[in-house]
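Spelled out from the first residue to the last, the chains are:
Protein chains: 2
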Amino acid sequence: MLQKNGDPYLYETSLKLFTRAAAVIPEGIYGHQNPAFVIPGASPYFADYAEGGHFWDVDGNEYIDFLCGYGPVILGHNHPEVENAVNRQMAKGSCFNHPGKLMVMLAEKLTSMIAMADWAIFAKNGSDVTTWAIRVAREYTGRKKIVMAKGAYHGAHSWCTAYPGGVLPEEKNNILTMNWNQIDTLERLAAIHRGKIAGLILTPYHHPTYTAQEMAANGFWEKVREICDRENILLILDDIRACFRLDVHGSHEVFGIKPDLICFAKAMANGHPISTAVGLNKYREAAEAVFFAGTFWFSPVPMAAALTTLNILETTDAISEMNRLGTRLKNGLEELGKQYDYRITVSGPPALPYMTFDDDPDLYHIQVFCREMISRGVFLHPHHNWFICAAHTDADIDHTLEAADDVFRIVQQELDA
Amino acid sequence: MLQKNGDPYLYETSLKLFTRAAAVIPEGIYGHQNPAFVIPGASPYFADYAEGGHFWDVDGNEYIDFLCGYGPVILGHNHPEVENAVNRQMAKGSCFNHPGKLMVMLAEKLTSMIAMADWAIFAKNGSDVTTWAIRVAREYTGRKKIVMAKGAYHGAHSWCTAYPGGVLPEEKNNILTMNWNQIDTLERLAAIHRGKIAGLILTPYHHPTYTAQEMAANGFWEKVREICDRENILLILDDIRACFRLDVHGSHEVFGIKPDLICFAKAMANGHPISTAVGLNKYREAAEAVFFAGTFWFSPVPMAAALTTLNILETTDAISEMNRLGTRLKNGLEELGKQYDYRITVSGPPALPYMTFDDDPDLYHIQVFCREMISRGVFLHPHHNWFICAAHTDADIDHTLEAADDVFRIVQQELDA
Chain A
1 MLQKNGDPYL YETSLKLFTR AAAVIPEGIY GHQNPAFVIP GASPYFADYA
51 EGGHFWDVDG NEYIDFLCGY GPVILGHNHP EVENAVNRQM AKGSCFNHPG
101 KLMVMLAEKL TSMIAMADWA IFAKNGSDVT TWAIRVAREY TGRKKIVMAK
151 GAYHGAHSWC TAYPGGVLPE EKNNILTMNW NQIDTLERLA AIHRGKIAGL
201 ILTPYHHPTY TAQEMAANGF WEKVREICDR ENILLILDDI RACFRLDVHG
251 SHEVFGIKPD LICFAKAMAN GHPISTAVGL NKYREAAEAV FFAGTFWFSP
301 VPMAAALTTL NILETTDAIS EMNRLGTRLK NGLEELGKQY DYRITVSGPP
351 ALPYMTFDDD PDLYHIQVFC REMISRGVFL HPHHNWFICA AHTDADIDHT
401 LEAADDVFRI VQQELDA
Chain B
1001 MLQKNGDPYL YETSLKLFTR AAAVIPEGIY GHQNPAFVIP GASPYFADYA
1051 EGGHFWDVDG NEYIDFLCGY GPVILGHNHP EVENAVNRQM AKGSCFNHPG
1101 KLMVMLAEKL TSMIAMADWA IFAKNGSDVT TWAIRVAREY TGRKKIVMAK
1151 GAYHGAHSWC TAYPGGVLPE EKNNILTMNW NQIDTLERLA AIHRGKIAGL
1201 ILTPYHHPTY TAQEMAANGF WEKVREICDR ENILLILDDI RACFRLDVHG
1251 SHEVFGIKPD LICFAKAMAN GHPISTAVGL NKYREAAEAV FFAGTFWFSP
1301 VPMAAALTTL NILETTDAIS EMNRLGTRLK NGLEELGKQY DYRITVSGPP
1351 ALPYMTFDDD PDLYHIQVFC REMISRGVFL HPHHNWFICA AHTDADIDHT
1401 LEAADDVFRI VQQELDA
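As you go down the protein sequences, you meet chains A and B in turn. Take the first sequence: its position 153, counting from 1, is numbered 153 in the numbering used here, and each next residue is one higher. Going from the second sequence to the numbering used here is simple: count from 1 and add 1000.
Check each hint, because a few of them may be wrong.
Claimed, not checked - Straight-line distance between alpha carbons at most 16 Å, and here's what the computed EDC-like set of lysine to aspartate or glutamate pairs gives:
#1 Lys1144(B) - Glu12(A)
#2 Lys1338(B) - Asp1229(B)
#3 Lys150(A) - Asp184(A)
#4 Lys92(A) - Glu1051(B)
#5 Lys144(A) - Glu1214(B)
#6 Lys101(A) - Glu1108(B)
#7 Lys282(A) - Asp1362(B)
#8 Lys1282(B) - Asp1118(B)
#9 Lys1101(B) - Glu170(A)
#10 Lys1258(B) - Asp1229(B)
#11 Lys1150(B) - Asp1059(B)
Hints are computed from structural coordinates only; laboratory data are not their basis. Here the structure is a predicted model, which is why all the values come from computation and not from measurement.
Looking at chain A on its own, in the form it has when it is part of the complex (with noise of 0.2 Å):
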């Protein structure tokens, strides 16, 4: 049961079990989970179970879960159809030395699905296929140098990290970088450094952490392209985040971007872990000549899960409702904020959307606001987008906003009053 007007939440079994994993793993939690990224001390550290579009912690407590794994969840948790093809491909085995069909099927679906895409590529991480996309435009064109946006995630590899420890200058000699939506910016990179740059990596939008998020300006994309044919730079799309969320034929279609490599993540399994890149075939042979492998790569188990998710993305209206329950949100979040006389803004596209107060320059207000907002059972993440799935109801929007309503009044009389 959702908690209403309940005792808050308490997470005293995630407090203690964190003490446990701080003995015996660095940080307790690390990298993106660690706790201190969403609210030290005010929100679970641990789950439990999950179904459909909520989640249940150590503590017993349930929450609407906005935060879906951090993406992965697009059709709900323990989507039966998914599980179903899981379940079967793990009774004929999960490792082998070879692959099996499921992979040939899932490229030539792929394929079939993405206009631009010749051919893809299989991994695990995000970042396999991040890195392993520079290295094909290193290889494509004979040059070094990679240009990134500043603040965008690809990865937690070295070349692209934001966090300095065991990074080598060397690492980075080749990263430039330009703010999002400065076309002047990859303009003067593109003149200073002519013929040394292999290749640009962006975002489909905008998504940092912290800030809001920033769709491409009017024009963006056509004068990304233009520079990228004038200049032989690969266009590298890194549609990790919002994967097939917006549009089962990948992100680039909503936004009219024309890459050369695409890389995917995330939601394409439903939770099970498999990356992709795909390409046209101009590359192939770069491609091929750029070693690729890991042990778990051509698992058949997350491609059984990926070609029924891709499926069930293609024929139903997954997609369509999770923009339509997102634009109530939004538009409910958008409409308090104006009740309680506060500059609010649901930034990025409405299947994955991040609330910021416009005036908010410690980040109190969002860290107030979420932290109530998870002791009511609604889990929204103070420093990173949200995500709605396919298993999320119009009754877990309207208790988002009704407990929405009771927050915005704590923040107030808390920071405010």
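Knowing the structure of chain A, use the given hints to seat chain B on it.
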């Protein structure tokens, strides 16, 4: 039914499927499973299902699986207890915003099983943890250089891959190499680059491709430790290949190695995708400073598999059985080699054996040998070490040695008549 004296295996379905694969996937099948790495045209390209110590290809041919998915399958395919644990967890969900209790339990298990381990950290690929380990060594020491053995495989990342495609010279500049067992080279490198070497990464024994495996010479590891202590170099043990196949406490216990960090993957979850690194407390702070994240890394599903696999390895005679069966295989092959007047070497630990013909510069002998063994239902890799699993039986070894008796004669007829 395993083939004994019937017609040779046909690979028609494999070959047809490969034609489809080649249209939509670079190289059709890439990485270590590329058919060119085995025996193109004369071995299966695609697997269908597996059970225990056997697998079936898409043409319905049955094989004794002496490759075990290149290592991960240690208890046998579809091990009931492991798969039950996996299914129980999958019913609760597989992809969350937070880790589950199983992550803490697995870290506690590893740190209690492995004497030197004060902490553990989890990822998906072997490459994830080897690359992370060298970053930790760099962070801890403030130094850049890493020493590795020539011909060692530590993953597909740019710093360690043997293939030049898409690799910048900058990414190799800080990698120094030594020949396995050449302590003099290590001494020389330590003297030349004094104060600049962050880490030395080695496997517990040398398992290159194409050539015989090599065990450390007497005193090698003591000398390695002495040099690392004197020069403040971190000793990183890449135990990914052998993993817990030789000792549930880690291969370092077998060989008297005293590593600072150890990387494991492959067999720790009987084929489910997970890798781990463990280390000493003195490196915890450096470990915390190196950002490490992947979308699917905290999935409790492979952690459930790992906990069950490790428990079984601890409480049954699985490890000694693999050693016993591998020893029977080794002795039997050596005996047969003698009968046919071949000088052969079965190298490496018996549970991960590899056979080479001593006089086989073009590798024709081992290729013909494996081609004929594969065609008789014994999947042996001509260029990569083999793996025994706990589901193999004495009947499997009997069949293998009977087949080898035929096959040595065929090799003789075909190449040395």
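Could you work out which of the previously given hints the structure breaks and list their numbers from low to high? 1, 2, 5, 6, 7, 9 and 11
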